[in-house]
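Respectively, the protein sequence lines represent chains A and B. One rule links them: number in this note's numbering = place in the first sequence (from 1) + 451. One rule links them: number in this note's numbering = place in the second sequence (from 1) + 24.
It should be emphasised that the hints constitute simulated quantities derived from the structure, not laboratory data. By construction, the Cβ of each residue, glycine as well, lies at the ideal position given by its N, Cα and C atoms. There may be inaccurate statements among the hints.
[Claimed, not checked] Example chain B residues on the side facing chain A (calculated, C-beta under 10 angstroms, incomplete):
| # | residue |
| --- | --- |
| 1 | 51 |
| 2 | 61 |
| 3 | 77 |
| 4 | 81 |
| 5 | 85 |
| 6 | 88 |
| 7 | 91 |
| 8 | 92 |
| 9 | 94 |
| 10 | 128 |
| 11 | 134 |
| 12 | 163 |
| 13 | 167 |
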Amino acid sequence: MDTTVANTGTEGKTWGGGNQPLKASYGKMMMWFFIVSDALTFSGFLAAYGFSRFKFIGSWPIADEVFTHVPFFHGNYPMIYVAFMTFILIMSSVTMVLAVDAGHHMNKAKVTLYMFLTIIGGLIFVGSQAWEWGTFIKGDYGAVQTNGGNILQFVDKEGHRVALRDFVVAEEKVRAEHERKNGLWFVEEATLPAYTIDEVYKGLESHPDVLVRTQIINDEGEKTVLTREESLNQIKNNGKLVVEGANLHVNEYGTSLFADFFFFITGFHGFHVFSGVVINIIIFFNVILGTYERRGSYEMVEKVGLYWHFVDLVWVFVFTFFYLV
Amino acid sequence: MAHEHKLAIFRGTVKFKSNTQKIWGVLIFLTIVTAIEVILGIYKPEFFMHTWMTPFEGGFMATLGNILFSPIIYMKPLNLIFIVLTIVKAYYITWDFMHMRDETKALRRMVVWTGVFLICYLIFILLQEGGYIESVYTNGYVKRDF
């Protein structure tokens, strides 16, 4: 394959860098080597995720119970939206490879069209990820964290999740939130939870059909539900903090490491997608301006294509290890 | 410029007429694989939810057997299926979308073998140690439920 972009006057000169034993141009080969190193970074992250998960294998959150939302729809749809995101990314990979193919035929109009579609796909994906983060941070049902850092959630007699707002009544608060304007100007306090532990306990006492669910996974692969008596005891003796949603310190879904890794890995991948979109846009304008037409080769589209496919490749693994396994 | 593409996938069982056709063919295949994953992930068939073998006990041969059969002794078959399908997807993305199929053997091996070797090492060392720490938490008198 003749993929040389420009003649440098070194053709055939072995020690002048004019030889291409791998039959790939310098730029393309370096893109491949970058991809290898980036793949190692990502597998380092995913293996670290595996490490933490093996460490807490008996109490790790179940992904199906965490990611259940679809925009504009109410109800419980595990996996559907992530599957849609995966499909969007694979689809944009396809338009990218079609752009590369059109580039091989020096078809400027088609390269432009397919590059445009690829950018759109990338933007939809990044947008979806932002929405997913938003939903994850906002949380759904709320939970109580114990002194030992474990999460206690609430379910009804059938095992369906119960949200704090459905059985806890907020009372008049004496404790005011510390703000810069009413206290130390250099110290800030996070927003106080809507409920206190005492209110949760009272709510639990007055709703006999609400039970506490712990993090521990039982033999059926489900989270353990405590009896009524144990539930009241747990909240009374061990309950420390009301948690709604997720951040880097606590999350209502379970082990705080779960949220940390979620933010870190999907964030790092999302950043890759974002930079991929930016690079795609630059290449897109170069295509429109006819830069590659004049250069006589659309190899730049091929190189950025490699990066874009790699981002898709990583997502396939993130999808498996975060949402499926 | 002459760009030759190898147009057969599945070891030559499916042949395509043009590169564009091959791309759509691979997309259909990848979509089917993802759909299978999602359906299995939602319904979680009971058959795949429990390991098919229990660990061998006693002696050197048992240890050897546990290592050889570790994917089906220590992993739920469902998770094993997910991982295998993911690697299948990764293969077709790399080989057909990234044109690895058309590169020279040397470039292919430089990229793939290096990656596979180092990633296997990373996975082994981290999962091994994670399992060890879990056993300390479980058996080492560390109180976590309070």
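*Cut-off 10 angstroms, beta-carbon criterion: hint that residue 128 of chain B touches chain A*: Residue 128 of chain B check passes; min Cβ-Cβ to chain A is 5 angstroms, inside 10 angstroms.
*Residue hint residue 85 of chain B, partner chain A, criterion CB-CB below 10 angstroms*: violated (26 angstroms)
*Supplied contact hint for residue 94 of chain B, tested at 10 angstroms Cβ to chain A*: Since chain A brings no Cβ nearer than about 14 angstroms to residue 94 of chain B, farther than 10 angstroms, the hint is violated.
_Does the closest beta carbon of chain A sit nearer than 10 angstroms to the beta carbon of residue 61 of chain B?_
holds (6 angstroms)
*Interface hint compliance - residue 92 of chain B to chain A, C-beta minimum distance less than 10 angstroms*: Violated: closest Cβ of chain A sits about 21 angstroms from residue 92 of chain B, beyond 10 angstroms.
*asked:* For the restraint on residue 88 of chain B, tell me whether the closest CB of chain A is nearer than 10 angstroms.
replied: violated (23 angstroms)
_Given a cut of 10 angstroms on the nearest C-beta pair, is the interface hint for residue 163 of chain B held or broken against chain A?_
At 12 angstroms from the nearest chain A Cβ, residue 163 of chain B fails the 10 angstroms test, so the hint is violated.
*asked:* Let's test the interface hint: is any C-beta of chain A closer than 10 angstroms to that of residue 91 of chain B?
replied: violated (17 angstroms)
_Holds or violated: the hint that residue 51 of chain B contacts chain A, with Cβ atoms closer than 10 angstroms._
With Cβ-Cβ at 5 angstroms, under 10 angstroms, it holds.
*Closest C-beta approach of residue 81 of chain B to chain A relative to 10 angstroms, hint status*: violated (20 angstroms)
*asked:* Just to be careful: measuring from the Cβ of residue 134 of chain B to every Cβ in chain A, is the smallest value less than 10 angstroms?
replied: Holds, about 8 angstroms.
*Does the nearest C-beta of chain A fall within a distance shorter than 10 angstroms of the C-beta of residue 167 of chain B?*
With a minimum Cβ separation of about 7 angstroms from chain A (threshold 10 angstroms), the hint on residue 167 of chain B holds.
Against the hints set out earlier in the document, violations occur for numbers 3, 4, 5, 6, 7, 8, 9, 12.
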